[in-house]
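J.: Protein sequence lines, in the order shown, are assigned to chains A and B.
Residue 25 in the numbering used here sits at position 25 of the first sequence, and the numbers go up by one each step.
Residue 343 in the numbering used here sits at position 85 of the second sequence, and the numbers go up by one each step.
Calculated from the structure, these hints are not laboratory results.
Hints are not guaranteed to be accurate.
Said to hold, decoys possible - Not everything, but these chain A residues come out facing chain B in the computed CB check (under 8 angstroms): (1) Q10; (2) L166; (3) W169; (4) T172; (5) F190; (6) P192; (7) Q193; (8) N200; (9) V205; (10) G208; (11) G209; (12) T210; (13) P215.
Unchecked claim - Okay, the calculated beta carbon distance ranges per label pair: (14) A:E90 <-> B:E380: 19 to 29 angstroms; (15) B:P362 <-> A:F101: 43 to 53 angstroms; (16) A:F235 <-> B:M352: 47 to 57 angstroms; (17) A:Y159 <-> B:E377: 34 to 44 angstroms.
As the list claims (entries may be wrong) - Computed list of chain A residues with no C-beta within reach of chain B, every gap over 10 angstroms: (18) G61; (19) N97; (20) V142; (21) V173; (22) M177; (23) P214.
For each residue, glycine too, the CB sits at the ideal point set by N, CA and C.
The primary structure of each chain is shown beneath.
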Amino acid sequence: MLKIREKLQQTELWKSVFRHNYQDTNRNRALQIVDNVFLHLHPVRISRHATNLGFTWGMGGITFLLFIILTITGVILMFYYRPAAEYAYEDMKYLMNDVAFGPLIRNMHRWAAHAMVITVMLHMFRVFLTGSYKPPRQFNWVVGVILLVLTLLLSFTGYLLPWDQLAIWAVTVGTNMARATPLLGHEGPFGPQLGMRIDNDVRFVLLGGTQVGPPTLLRFYVGHCIFLPVIASVFMIVHFWRIRKDGGISGPATDIKE
Amino acid sequence: MDIPATPEQGTPQVNPAPSASGSVSPGTTGQARPAGAPARPSAATPAPKKPKQDKPPEADPGIWRISRRNFFSVAGWAAFFVFLATSTIGTLRMMFPRILYEPPSAFKAGFPSDYLVGEVSEKYKDDYRVWIVREPEGFYALSAICTHLGCTPRWLESENKFKCPCHGSGYRRSGINFEGPAPRPLDRLKITLAEDGQILIDRNIKFRFENGDWVKPDAYLKYS
């Protein structure tokens with residue numbers, strides 16, 4: 001048995017995956033992290049207080065975990081859901097009643113979505129309390145606000161997809177606010193003066209029509225599944241990168257050396 | 259493309275672009291020459307190869323000098339940005355549908371004799387979001403769009419009012435709001451008689467109570 005293991009460890013494949021031994025030196029431990037594409041996303045070393053839950057509440061990390069859960073369960077749901085007015089509600093019912101583990105996956109998606117909005121808020125609250133929006137982290141605060149808006153938009157677009165009465169009227173109410181958009185809405189300030197009508201303003205683009213209908217469902221579906229997650233991912237990359245560059249997830253910021 | 263007027267006649271035109279030697283040594287066309295250095299290396303000091311320079315830097319028109327290389331460079335960038343702009347405009351335009359699969363704004367609502375006096379008809383509510391109210395003196399059409407946030411209220415016959423299920427706005431039979439968050443009465447819609455004697459309603463023409471529109475002729479169809 002030991003011989004097989006020894007032989008295995010000599011293979012090219014093993015050595016390609018495990019490039020470093022177990023030597024407990026600072027250098028080797030750092031190399032183990034840095035030489036791995038997945039682990040290197042983590043800092044090689046962090047200060048002890050950075051792991052203190054009382055300082056960070058772990059809310060940013062939990063939010064990211066929920067985003068991953070939402071991505072995976074969302075993709076699974078896409079196998080059964082068709083974003084057309086004739087099918088959407090039926091497919092949702094099918095998922096909830098007849099698909100094996102359908103209710104589990106859909107409820108995971110639903111509850112993770114609710115939880116993500118809450119954890120984003122708590123994360124923002126924590127950052128505010130610890131003053132982590134102050135320089136040099138002020139740029140990352142702005143990125144975070146954009147991510148908050150994207151999270152709320154993801155929540156809003158996902159709300160329409162069950163295509164039941166609650167969804168349709170909630171989105172009707174929500175998008176009616178777009179009528180009052182300054183300049184771009186046909187009932188907003190300076191909108192009519194700029195030639196905005198009900199069939200060419202910003203609400204019309206959002207809905208794909210003058211009322212919530214089948215084109216709206218398709219638009220919200222594409223936005224929910226492709227457009228918004230991709231944009232959010234890009235901003236998340238920047239968000240995490242700035243955390244590292246600005247001195248880590250907790251503790252005093254790095255001095256700006258210039 | 260406008261070229262700044264430069265004293266070109268004073269300097270011999272040695273254009274480095276098409277020559278083979280110019281392309282192998284980058285930076286010779288250059289801008290990195292320190293100010294005050296002689297424009298071209300003299301024959302006496304051959305050792306440090308000074309970059310070839312046909313004009314002093316301040317007179318150098320830079321990107322706007324039309325050599326063949328610059329022409330293609332500028333044309334290439336122009337083509338790139340034109341492509342970018344047109345495809346952006348095209349994509350944005352694509353988001354505005356030309357054809358809407360929605361019910362038409364004007365519709366015929368049957369003959370006046372189809373309605374009973376004192377009735378609030380919900381016959382056309384599902385398709386067109388319109389109530390037709392029959393009074394002894396005539397008809398008016400109410401838009402079934404709540405003025406609060408756009409839900410569809412319900413006609414409650416026993417309570418003689420319209421009630422919105424979303425946030426509880428209530429309207430009298432006339433369309434005047436009296437409870438809940440609704441900021442103003444329901445819209446009345448243009449109602450006339452078509453040539454064939456049917457009631458014709460145009461949902462695009464709205465009459466607002468607060469603007470005094472309800473007394474206008476098309477807001478009320480006189481019929482007895």
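J.: Return the numbers of the hints above that this structure violates; sort them in rising order.
T.: When the structure is compared with the hints, numbers 1, 2, 5, 6, 7, 16, 21, 22, 23 turn out to be violated.
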